[in-house]
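If you use our numbering, the sequence shown corresponds to residues 2 to 294, in order.
One or more hints might be untrue.
[Unchecked claim] Simulated DEER-style distance windows between Cβ atoms: (1) 42 / 73: 17 to 27 Å; (2) 94 / 136: 47 to 57 Å; (3) 77 / 119: 53 to 63 Å; (4) 249 / 47: 12 to 22 Å; (5) 147 / 121: 25 to 35 Å; (6) 24 / 101: 23 to 33 Å; (7) 192 / 147: 39 to 49 Å; (8) 192 / 43: 25 to 35 Å.
[As the list claims (entries may be wrong)] Derived DSSO-like pairs (lysine-lysine); straight-line CA-CA distance at most 27 Å: (9) 204 / 120; (10) 240 / 149; (11) 82 / 240.
Please keep in mind that the hints were generated in silico from the structure rather than gathered at the bench.
Beta carbons are placed, not taken as given, at the ideal position from N, Cα and C, and that holds for glycine.
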Amino acid sequence: MNNQATLQADARVSSRHARRIRTWGSWAGLILLIAGAVIMLFPLLILVLNAFKTTADYNATGPLSVPAHFSMDGIISFWNKSNFPLKLGNSLLISLVVAVVGVLLSVLNSFALGIGRVKGNTVILLFIMLANMVPQEALLYPLYVMFKWMGFYNSQWSIIIIFTIIQSAYGTYLLSSVYGTFPQAILEAATVDGASRWQILRKIVLPVSWSTISVLFVFFFIWTWNEYMIPMAFLMSEKTQTIPLALATMQGQHTMAATDLASASLLSIIPTIIFFIFFQRKLSQGIVAGAVK
């Protein structure tokens with residue numbers, strides 16, 4: 002009986018010791034994560050501080066001080082001069098259409114190549130990978146000639162078509178490797194039960210890979226939103242331009258103070274921050290699911 006009590010006491014001591022070790026390790030990890038977050042968010046904090054300063058405050062105290070006088074003059078000025086609502090609508094239209102259609106094409110292509118076992122799928126994926134490695138600068142002239150001939154130059158549709166193809170090529174390459182490892186026993190069982198290809202995709206493959214698809218959707222939206230070079234070459238009219246082009250145009254047409262530039266930059270990234278926060282849970286689930294797989 003005494004031996005049993007001794008063993009239980011030792012077990013409790015060991016358990017408390019183990020919990021203490023895990024607790025200290027958790028605190029250390031949390032401190033490192035907070036430090037990393039502060040470092041990554043520091044440029045955004047400086048941007049916010051300077052966006053609400055007056056030019057006099059900036060000249061007197063520099064970029065690292067807290068605003069002495071809260072001002073939204075820079076934001077209001079950029080909003081009015083750039084016709085921000087129109088540019089916001091253009092960016093949202095282009096980014097959402099590219100994200101939705103790009104994800105849809107990625108899923109269909111990957112299902113055919115990774116699960117459908119299309120003949121020559123390895124060669125096709127190799128060509129897709131090589132296409133992803135081609136720099137965008139090399140695509141400008143042939144794309145310019147093609148869309149001029151099609152009548153889509155200076156139209157949002159030219160940007161939508163270009164980036165839908167670019168993003169879906171990347172998504173196809175990524176999802177094909179995921180679908181290629183899908184358990185064949187499950188697919189064969191569904192086929193034996195009479196499920197069609199469409200039913201297998203809709204009821205088996207999509208629910209399992211939904212987190213990964215959500216990550217692709219978020220990335221496609223943000224990547225397309227931030228694109229500058231190709232939209233700059235294809236969107237000449239102010240009615241078709243996106244927010245990054247509006248910011249660059251304002252810098253070229255006007256001499257902007259540092260506070261005005263910070264205000265314009267903050268206003269241009271707020272929609273992507275809201276979009277990221279809205280889909281943050283799906284993004285985290287997708288990354289964790291990919292790590293577990």
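Among the hints numbered above, which are violated by the structure, and what are their numbers in rising order?
-> Per hint list: 2, 6, 8 violated.
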